[in-house]
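Peer 1: Spelled out, the chains give:
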Amino acid sequence: MGNRGGVELTDEPIRFEYSSRASSSIMTSPSYNEERIPCGNFDCQPGLLLPTSTVFMASRFAQSVCAPVVVFSLAVIFADLCGSERPFASAEDARAVDSGTDDAGSKGLTAEGAVEFVQSYCIDCHVGEDAESGLDLEGFASAEDVASSIEAWNRIATRVHEGQMPPSDSEMPSQQSRSAFVRWIRDTIYQAVCDDGVQPGGPMLRRLNRTEYANTVRDLLGIPINAGHALPDDGAGGEGFDNAAETLFISPIYAEKYLDAARSAIGHALKDPDDRERIITATPNDKRSPEQAAREVLAGFLPRAFRRPASTEEIDEYTQLFNQVYEEDQSYISAIEFTLVAAMVSPKFLFLFEQAAETDEPTLVSQYEIASRLSYFLWASMPDDELMRLAAQGKLHDDDVLEQQVARMLRSDVDRRGLRRGAKVREFATSFVEQWLGTRALGREFKPDKSVALKYDSELEGGMKYEPIFFFEDLLADNRSLLNLIDSDFTYVNRTLARHYMVKGEFREQPKKVELSEKDHRGGLLGMSAVLAVSSFPHRTSPVLRGKWVLETLLGTPPPPAPPNVPALEETVDAAQPSSLRERLEKHRSDPVCASCHQAMDPLGFGLENYDVLGRWRTVADGVAIDASGQLPSGETFNGPDELKGLLMDRKEQFMRNLTSKMLGYALARGLTNEDACVVESITRKLAEDDYKAQTLILEIVKSVPFRYKQGS
Amino acid sequence: MNVYLDDETNRQMPLSRRTLLRGAGAALALPWLEAMMPGKVSAAESEGKAPEDSPLRMAALFVPNGVRQDMWTPEKTGRDFDLSPTLEPLADVKDQLLVLTKLWNQASNFGDGHYVKCSGFLTCTTINKSLGIDLNCNGRSMDQVAADYAGKLTPLPSLELGIDPVTTGVDTNVGYTRVYGSHIAWSGPTSPLARELNPHLVFDRLFRAGNPNKGAAQRDRLLLDRVLEDADQLKHRLGAADRQRMEEYLQSVRSVEKRLQNQDAGGATQWQPLVKLDRQSRPPEQRPDAYVEQVRLMLDMIALAFQTDTTRVCTFMFGNAVSGRNFSFLDGVSGGHHDTSHHQNNEDKLRQYQLINRWHVEQYAYLLEKLRSMKEREGTVLDNSMILYGSGLRDGNSHNPHNLPILLGGSGGGRIATGQHLSFGRDTPLANLYAAMLNAFGTGHERFADSTGILPGVLS
Numbered sequence: 001m002g003n004r005g006g007v008e009l010t011d012e013p014i015r016f017e018y019s020s021r022a023s024s025s026i027m028t029s030p031s032y033n034e035e036r037i038p039c040g041n042f043d044c045q046p047g048l049l050l051p052t053s054t055v056f057m058a059s060r061f062a063q064s065v066c067a068p069v070v071v072f073s074l075a076v077i078f079a080d081l082c083g084s085e086r087p088f089a090s091a092e093d094a095r096a097v098d099s100g101t102d103d104a105g106s107k108g109l110t111a112e113g114a115v116e117f118v119q120s121y122c123i124d125c126h127v128g129e130d131a132e133s134g135l136d137l138e139g140f141a142s143a144e145d146v147a148s149s150i151e152a153w154n155r156i157a158t159r160v161h162e163g164q165m166p167p168s169d170s171e172m173p174s175q176q177s178r179s180a181f182v183r184w185i186r187d188t189i190y191q192a193v194c195d196d197g198v199q200p201g202g203p204m205l206r207r208l209n210r211t212e213y214a215n216t217v218r219d220l221l222g223i224p225i226n227a228g229h230a231l232p233d234d235g236a237g238g239e240g241f242d243n244a245a246e247t248l249f250i251s252p253i254y255a256e257k258y259l260d261a262a263r264s265a266i267g268h269a270l271k272d273p274d275d276r277e278r279i280i281t282a283t284p285n286d287k288r289s290p291e292q293a294a295r296e297v298l299a300g301f302l303p304r305a306f307r308r309p310a311s312t313e314e315i316d317e318y319t320q321l322f323n324q325v326y327e328e329d330q331s332y333i334s335a336i337e338f339t340l341v342a343a344m345v346s347p348k349f350l351f352l353f354e355q356a357a358e359t360d361e362p363t364l365v366s367q368y369e370i371a372s373r374l375s376y377f378l379w380a381s382m383p384d385d386e387l388m389r390l391a392a393q394g395k396l397h398d399d400d401v402l403e404q405q406v407a408r409m410l411r412s413d414v415d416r417r418g419l420r421r422g423a424k425v426r427e428f429a430t431s432f433v434e435q436w437l438g439t440r441a442l443g444r445e446f447k448p449d450k451s452v453a454l455k456y457d458s459e460l461e462g463g464m465k466y467e468p469i470f471f472f473e474d475l476l477a478d479n480r481s482l483l484n485l486i487d488s489d490f491t492y493v494n495r496t497l498a499r500h501y502m503v504k505g506e507f508r509e510q511p512k513k514v515e516l517s518e519k520d521h522r523g524g525l526l527g528m529s530a531v532l533a534v535s536s537f538p539h540r541t542s543p544v545l546r547g548k549w550v551l552e553t554l555l556g557t558p559p560p561p562a563p564p565n566v567p568a569l570e571e572t573v574d575a576a577q578p579s580s581l582r583e584r585l586e587k588h589r590s591d592p593v594c595a596s597c598h599q600a601m602d603p604l605g606f607g608l609e610n611y612d613v614l615g616r617w618r619t620v621a622d623g624v625a626i627d628a629s630g631q632l633p634s635g636e637t638f639n640g641p642d643e644l645k646g647l648l649m650d651r652k653e654q655f656m657r658n659l660t661s662k663m664l665g666y667a668l669a670r671g672l673t674n675e676d677a678c679v680v681e682s683i684t685r686k687l688a689e690d691d692y693k694a695q696t697l698i699l700e701i702v703k704s705v706p707f708r709y710k711q712g713s
Numbered sequence: 001m002n003v004y005l006d007d008e009t010n011r012q013m014p015l016s017r018r019t020l021l022r023g024a025g026a027a028l029a030l031p032w033l034e035a036m037m038p039g040k041v042s043a044a045e046s047e048g049k050a051p052e053d054s055p056l057r058m059a060a061l062f063v064p065n066g067v068r069q070d071m072w073t074p075e076k077t078g079r080d081f082d083l084s085p086t087l088e089p090l091a092d093v094k095d096q097l098l099v100l101t102k103l104w105n106q107a108s109n110f111g112d113g114h115y116v117k118c119s120g121f122l123t124c125t126t127i128n129k130s131l132g133i134d135l136n137c138n139g140r141s142m143d144q145v146a147a148d149y150a151g152k153l154t155p156l157p158s159l160e161l162g163i164d165p166v167t168t169g170v171d172t173n174v175g176y177t178r179v180y181g182s183h184i185a186w187s188g189p190t191s192p193l194a195r196e197l198n199p200h201l202v203f204d205r206l207f208r209a210g211n212p213n214k215g216a217a218q219r220d221r222l223l224l225d226r227v228l229e230d231a232d233q234l235k236h237r238l239g240a241a242d243r244q245r246m247e248e249y250l251q252s253v254r255s256v257e258k259r260l261q262n263q264d265a266g267g268a269t270q271w272q273p274l275v276k277l278d279r280q281s282r283p284p285e286q287r288p289d290a291y292v293e294q295v296r297l298m299l300d301m302i303a304l305a306f307q308t309d310t311t312r313v314c315t316f317m318f319g320n321a322v323s324g325r326n327f328s329f330l331d332g333v334s335g336g337h338h339d340t341s342h343h344q345n346n347e348d349k350l351r352q353y354q355l356i357n358r359w360h361v362e363q364y365a366y367l368l369e370k371l372r373s374m375k376e377r378e379g380t381v382l383d384n385s386m387i388l389y390g391s392g393l394r395d396g397n398s399h400n401p402h403n404l405p406i407l408l409g410g411s412g413g414g415r416i417a418t419g420q421h422l423s424f425g426r427d428t429p430l431a432n433l434y435a436a437m438l439n440a441f442g443t444g445h446e447r448f449a450d451s452t453g454i455l456p457g458v459l460s
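Chains as they are written, first to last, in full-length UniProt numbering: chain A, 1 to 713; chain B, 1 to 460.
Hints are computed from structural coordinates only; laboratory data are not their basis. Please read these numbers as outputs of a predicted model, since none were measured by experiment. Incorrect hints may have been included.
[Stated by the list, open to error] Listed next, the in silico SDA-like pairs over lysine to any residue satisfying Cα-Cα at most 25 Å (straight line): (1) LYS395/A - ARG408/A; (2) LYS519/A - ILE626/A; (3) LYS214/B - GLN324/A; (4) LYS235/B - GLN320/A; (5) LYS214/B - GLN320/A; (6) LYS455/A - LYS214/B; (7) LYS235/B - GLY712/A; (8) LYS276/B - GLU256/A; (9) LYS152/B - GLN251/B; (10) LYS513/A - LYS645/A; (11) LYS258/B - GLN320/A.
Full structure from sequences and hints, please.
Peer 2: Below, the structure written as structure tokens:
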């Protein structure tokens, strides 16, 4: 979770009386089950639209009903010892782990407990005027103190979570009380922020990333080219996506690159007579001067390039540029081509730009702004004619229209042969899935070692890469349950991947849907070879990396970094006595410093040991039979991937919460704030009520406050 | 004929012919390079100082994941040192080499094992812990300080090159965006510089910069004026933070405009290439998996850029921080780079680690020898260059920035006292070396970042 919210909120007074919350422990609300009201009735999103009193009521509801009072067992089970990033559970969780409620609740901390923690471990240095880092914790006595300086407490939570504080030469808390303290801080911040009503982020200003640039040029000119191939590639920020505004830098090299790219794209488009006629919609003739023709072309082109109506001044300005160039050599085509290139190097084309709100209050984004927000979210490209028309008609904030548009935009048709045709939603599926799962690394950061990859070729790599993408596209287009991501009875394979999986059927190069049976040992993300490969080393599997991948990617509860100065693990390899990977890794768990996190990570990875580096099924590795059994810190035991998926299914709320966070971060193209956590929570609940339907997730995000509103200046 | 494989090259290069063939794919001939190769100059010929009017160049080559310690540092110090096993490939250019021991980068000591040590490698500052918002390296990289000084004299102020795309995603485990692990050049605290990853695109930039189309320049300026005005219109509607982003784009556009102006100006201010680039010599489009060739081609591009004087400042990343690149193309190596660097004192992993280290040093030697083969006036391009080579951490197992593996090649127009192994007092600031390099470069700097002075013994 980003700390942006903390920054913004620090100076803001908390509007609501806090003591009512603080007086009873958030963690141990005894009356949860009795008082439970279906969370669906509570919608914290439109908080800012409601009168203050309503928000207050809602927040009281939230607190007694849906707030993270509940059960930490979810996060706890996997991530207990390592702490949990997003420990907020919902009613559904409570039902799911009903029997575990008491036990989990007792692990929580009260405000008194937090004060005691500070007194025991922090106060020695953080006291008085000379307090370390200027952080004086002497007066800390209640949750209100956290709520009134959220930024500082966010930092404290991070430092304690990551084991940087208390320093190693002082008295150390147990790992358990460490996580309980961190959880208490984060829950307290969550409460404070959500009770304050949801706030959207600022107006968007970011350049198109490389993918968006290529797609936009493709759609603007209507020609199937990749105009972005020579642009520098983008890094990721926020929730891990390369559309995050904060990491879309501009280096000096960009202007030159954009100029080249626009020139070659337009040049390419004008070569074909049909394309040329579509773009150069008017040419001079007896009745039309070159200037008039140019004006006509620009009046059509500029609004599409700028994704909004172009003003008369803007059309004048570009017509003037046309005139200047035309005067030189009297060549209409070369002058208009040149003018269109200019429009494509303009920041009005290259940047997603939203007008700042005129008041300090959160404001609906404009019709054209939401058209772009929708199209860059669901297509990674510019709005099409229909979106632009609806924007012009002022209809894009209607819930019904949004619903129709989302369904339309997610559509992907299947042809007679059962193949999914090219669909714009695939751009979204690709960008989101590859970055969420980390499978973009396949063939880039991850290349298998030749010792394990004799039959590894581009068709197999393609099949591996596209399996999760087509799978996700299927869930979106056909509005299936997102629980299929945990386990499913189908997947998508091409010819080579089918052989790799030993799945029977008629396949060609393009991925095609295939029904799975139990003996296939596939289904869900954990059976997908791309996932299994990118969480391996090039030459061998790594239960540690795979376990970390499950915690981090599926559950959103990354373990903290390894403590500094970890003693090197001496790995004695005795050739005469082959030891299994499991035996070697047992050392992780015999050392208490390592054990606290590896007890949560390693077993998850061992549960996937039946899959080799490239995800092929196996029963023996290094001459030793695979032992895919494990025990989680919670005490639950399992054997093999199927049972592991069962345990994940028990934690579906945590999984959905994490998926929702990732999706919201992608949709907003920025890192999430403390405040966004409230929105995530509300959407996660709606998702549970609607059988985890994929389109519900998208639609709820599209209708959410941060997606439809922008903050005032 | 493939110049990599001519007898002369083969003799000079420690890389075996077999390795090259396997790595390169025998089909890939590179005749274009030949055109670029002026007559070879022997080591003896290349000694001696360059005339004052030859331009000085500076490059920094970054290697991820540290080195195997016991095979890196030469035993003896001074002029009389013997190359260590890992440094052996530099035998032919030993007289043009400085081995620097016990330098450290204090500012990168905390944070995490890799990202801090990558982004902070040339800045000697501590970067902000961030997934994106608040991304800040809190300084500028020393190459950009050099580019401030020399950048206006050449068509391209600096070149940023790499092999790996920016690593996917953010690292939620340690709380850093991987953007940090993919950049060493920072033009400002919040401006990492994008790198070019394709050798043929680098070539195109070099070529265009050296062969401006004069007719088009005037037109292009009209276009850029339009773009600048559009940016200006938007800028006025933005908040302060976003204005900064728009300003970045404005600057980017202005830099193109400035280049056009210079081309138009004619006369004394007009830049002339020292050697003309031949369009025929454009490198081939690369197979995406041809790492070995891609590295070679990038190093060739650095050499061309310096030889033609298209730029005088360049950075290059062999890989991103935490790179797990599979080095099994080397005989005897089976693992990924990062995994191998966590050797845990395992004999076999240490052996493989050293082979990877040595391969990188071989590439460095290739660049130095290539620059030395490029004759200019009385000396060679290498004589007029300072080529830094190093990693942001010492040992991949312990990740600390003490006693970094640092080399400097080229005598910087006679200003660098090469041919020595210098060992300093424990924890001498790396920034002291950068201060020395900037000083030799002519920027007038006596200090850089957390330096405490100019590193003694480096300047001649």
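Peer 1: Would you mind marking each hint as holding or not holding in the structure?
Peer 2: Here is what the structure says about each hint:
1. LYS395/A - ARG408/A: holds, 15 Å
2. LYS519/A - ILE626/A: holds, 17 Å
3. LYS214/B - GLN324/A: Given pair LYS214/B, GLN324/A holds - Cα atoms ~17 Å apart, limit 25 Å.
4. LYS235/B - GLN320/A: OK: LYS235/B and GLN320/A at ~22 Å, within 25 Å.
5. LYS214/B - GLN320/A: Cα-Cα ~22 Å, so holds.
6. LYS455/A - LYS214/B: violated, 53 Å
7. LYS235/B - GLY712/A: Roughly 17 Å between the alpha carbons, so the hint for LYS235/B and GLY712/A holds.
8. LYS276/B - GLU256/A: holds, 22 Å
9. LYS152/B - GLN251/B: Holds. LYS152/B to GLN251/B sits at ~14 Å (cutoff 25 Å).
10. LYS513/A - LYS645/A: holds, 21 Å
11. LYS258/B - GLN320/A: holds, 23 Å
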